[in-house]
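Here the structure of chain A is known, so what remains is to put chain B in place on it, guided by the hints.
There are 2 protein chains.
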Amino acid sequence: MQALPGFRDFYPADAAVRNAVVGAWRRVALGYGFEEYDGPMLEPLDLYAKKNAGGEEILGQLYRFEDGGGRAVALRPEMTPTLARMAAAKEKHFRKPMKWFATGSFFRYERQQRGRLREFLQFNCDLLGEAGPAADAEIIALAIDTLRAFSLGAGDFVVRLSHRGAWIAYLESRGITGETASGVLRVADKLERETDESLDAKLAPLTGDRLCAADLRAFVAGTTPAELEPVMRDLAARGLADFVKVDLTIVRGLAYYTGTIFEIFDRAGTFRALAGGGRYDGLVGSLTGTGSPMPAVGFGMGDAVLCEMIASLPHSAKALEDAVQAARARDVYVVIADEAHRPWALGLLQSLRDAGLKSEVSLSPTKVGKQFQAAEQAGCTHAVVVGGEWPMVRLKTLATRVEEEISHDALAARLKNQQV
Amino acid sequence: MQALPGFRDFYPADAAVRNAVVGAWRRVALGYGFEEYDGPMLEPLDLYAKKNAGGEEILGQLYRFEDGGGRAVALRPEMTPTLARMAAAKEKHFRKPMKWFATGSFFRYERQQRGRLREFLQFNCDLLGEAGPAADAEIIALAIDTLRAFSLGAGDFVVRLSHRGAWIAYLESRGITGETASGVLRVADKLERETDESLDAKLAPLTGDRLCAADLRAFVAGTTPAELEPVMRDLAARGLADFVKVDLTIVRGLAYYTGTIFEIFDRAGTFRALAGGGRYDGLVGSLTGTGSPMPAVGFGMGDAVLCEMIASLPHSAKALEDAVQAARARDVYVVIADEAHRPWALGLLQSLRDAGLKSEVSLSPTKVGKQFQAAEQAGCTHAVVVGGEWPMVRLKTLATRVEEEISHDALAARLKNQQV
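Residue numbers (the numbering used here), protein chains in the order written: chain A, 3 to 422; chain B, 3 to 422.
Check each hint, because a few of them may be wrong.
Just so you know, same-sequence chains aren't split out, so a pair can sit in one copy or run between any two.
What the hints assert, rightly or not - Think about it this way: if two alpha-carbon atoms lie no more than 16 Å apart in a straight line, the pair counts; the simulated EDC-like pairs of lysine to aspartate or glutamate are:
1) K320 - E310
2) K92 - D16
3) K204 - D217
4) K98 - E310
5) K192 - D202
6) K98 - E378
7) K192 - E59
8) K247 - E229
9) K92 - D11
10) K98 - D283
11) K418 - D147
12) K98 - E37
Hints listed in this document are in silico derivations from the structure and should not be mistaken for laboratory results.
Extracted from the complex, chain A is given alone in its bound form (with noise of 0.2 Å):
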């Protein structure tokens, strides 16, 4: 029996690097002074049919049933709705800005291809509460800081920089707005992939003979919008400037962004986005109830395409690959020389365990060669053997084979000491 088609089992070595993942999200978030949230698998089906929430792709991919007491409900497929909803409900008890992460598993029934999971990881930041752009550029500051935690750097990846509201203004000035600039949209978020014969085929029935894609191909090539510029000052005083670039070919599909908007690529082209995000002002207010606004500004960062691009980069996968062997080094194998002492040992391996350090024993009668080979195949950096000459023990360090002399109560002072 196996696991269901894109779901995973993570053994302890699959385990491990997420951990390390989740472990540099994590991080790097709490550097920047967010704060951890979460919310539950499981949502009603409303959280993502209404309109804004979400949109159409989205919907037709959900896990979606019944519960046990007739509920609609769906296994969550992106963290914003949820987001929304919670900040929504009790944004009065918290001061703003509200600077929150997650990260957490989403569901999306998709058709199965390379890179494309129906269980997958994600990483969520957003900033609420805040309208200027200095939120816009801490928002990247942190997307751009988390892919640098993996040894990614300028040569690697670049955050391409675009506005909806640019966007929005230059519909409106060629006399398009509403539902037709949102079906617009959805076509320009395609200028990178398609021809422009395919593009036009889309235009046309939305836009008759008002606008072709070499009209949007030259909005995008001529245009710098003015609101891009303090978030650009903004980074560059980071000293981040290196990292990012504005492209106006960034449209981003969802239909709640208002203003500054991103997505993160590879320099090389070769995955998909790495994160994408942007500023969605009316989400949150429009869940309220009240319609009093809530400015909101984040990203979204998988799991799939950053562990394919770490592992695209030597540098980068070697400096993952240290995190983990760090992470799943142990401290001390406790020998046991002859079994009738194996008391002596429980009790100082009690004793190890109690001080904080990673300690292992054999849980069966075993020579103490094989004992040995048990320490340097669970990366002990010491062992301990426990015989006649108690109460002192003798400790050795495996890297350099020295043995020395030690009392069994001394041990885990002279253990931890030496981890400092």
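Coordinates of chain B only, in the frame set by chain A:
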């Protein structure tokens, strides 16, 4: 719009508690040399439908549905079937014993009542490939040390130790075997909660006049299984004897247990079980298809009862709250005396974050007094004022109000040193 009943929103304060609990689980398991693993949240329904892998009660509580491809699937209600599936598929690839733990979400559609959630967290530790009593003791010691990590002591909780083999042997001595024995064990599981009359009414159809509740009580009161003696000796050598007592009242509901079994309760008897587990030597082997046996022992511990118990004991609640506060503290607030200097402040901010310091800045023009107030509210230990003295900045330790001047490019190193 709210979360579904039985599902939790983790606002930052709640998520911080959750992370402290999960963090302690992880720390103790890693200290025992256990490795983390995980599986999918969604599994084939068949995994739970197999009789051995669950039990009737859990089947009725499954969140089950058909996915987009017509597969019968279920949200995982417990970890053991996934562990058994994963271990059975690849056990040849791993050195024995395999010492694995998992922390994650599980789902049961249960009637709503206090302490019962429909999505809950569970800590699962399992040790595969070792048949002896030292493995039983290692698992029980790990469960004890997990509770000790929450400042719970031998006066607060007790491990009630029993043995499925002793029960089976006793029933055999009364001529009761197979399905009938399983039925009797399910009745015996209620010895503490039901009257003799109620129990006898359930036993009679199973055993006729061969067995009554009084027989079961006499067996429980008069038996200390010899199989448990080496387990008790091992735990005594670790200094953990005070945490354990033999108590045959513990039967465990699930069919798959074969040897040592245990449940952990608060001494006061206020709560449901904090944790439960035991030896299940047949389950993994039954899934490999090869029929080769795989000894296994493990336990599960949920977050709901644990957190109720911690909250009920001031010394434990205080320890958890201290851990939460320490985790939520931040290092530095960069105070901008004059907006003209924001670029300097942003550069300094970036250098602090690059050094791993949790750092904040105001994202809009704010009076200096308000920035200091925000620093205190955010739990920053330090504030640094960027102003006209640049490249010098003023560092203020918020607890003592002590101020000093320091060059901006020496600040990160200065604060890092203080951290250690």
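Checked hints:
For the homomeric pair K320 and E310, the shortest alpha-carbon distance inside one copy (13 Å) is at most 16 Å, but the shortest distance between copies (43 Å) is not. Taking the shortest Cα distances, K92 and D16 sit within 16 Å of each other only across copies (14 Å), while inside one copy they are farther apart (37 Å). In this assembly of identical chains, the alpha carbons of K204 and D217 lie at most 16 Å apart only when taken from the same copy (14 Å versus 81 Å across copies). Taking identical chains as interchangeable, the C-alpha atoms of K98 and E310 are never at most 16 Å apart, the minima being 36 Å within one chain and 31 Å between chains.
Proximity of K192 and D202 under a CA criterion of 16 Å is satisfied intra-copy only: 11 Å inside one chain copy versus 73 Å between copies. Only between protomers do K98 and E378 lie at most 16 Å apart by alpha-carbon distance; the minimum there is 14 Å, versus 51 Å within a single protomer. For the homomeric pair K192 and E59, the shortest alpha-carbon distance inside one copy (14 Å) is at most 16 Å, but the shortest distance between copies (51 Å) is not. For a Cα distance limit of 16 Å, the shortest separation of K247 from E229 inside one copy, 14 Å, qualifies, whereas the shortest one across copies, 70 Å, does not.
Within a single copy, K92 and D11 get their C-alpha atoms only as close as 36 Å, which misses the 16 Å cut-off; across copies the closest is 11 Å, which meets it. With identical chains, the CA atoms of K98 and D283 are at most 16 Å apart within one copy only, with a shortest distance of 14 Å there and 55 Å across copies. For the homomeric pair K418 and D147, neither the shortest alpha-carbon distance inside one copy (32 Å) nor that between copies (19 Å) is at most 16 Å. In this assembly of identical chains, the alpha carbons of K98 and E37 lie at most 16 Å apart only when taken from the same copy (13 Å versus 40 Å across copies).
This entry does not satisfy hints 4, 11, going by the numbered hints stated previously.
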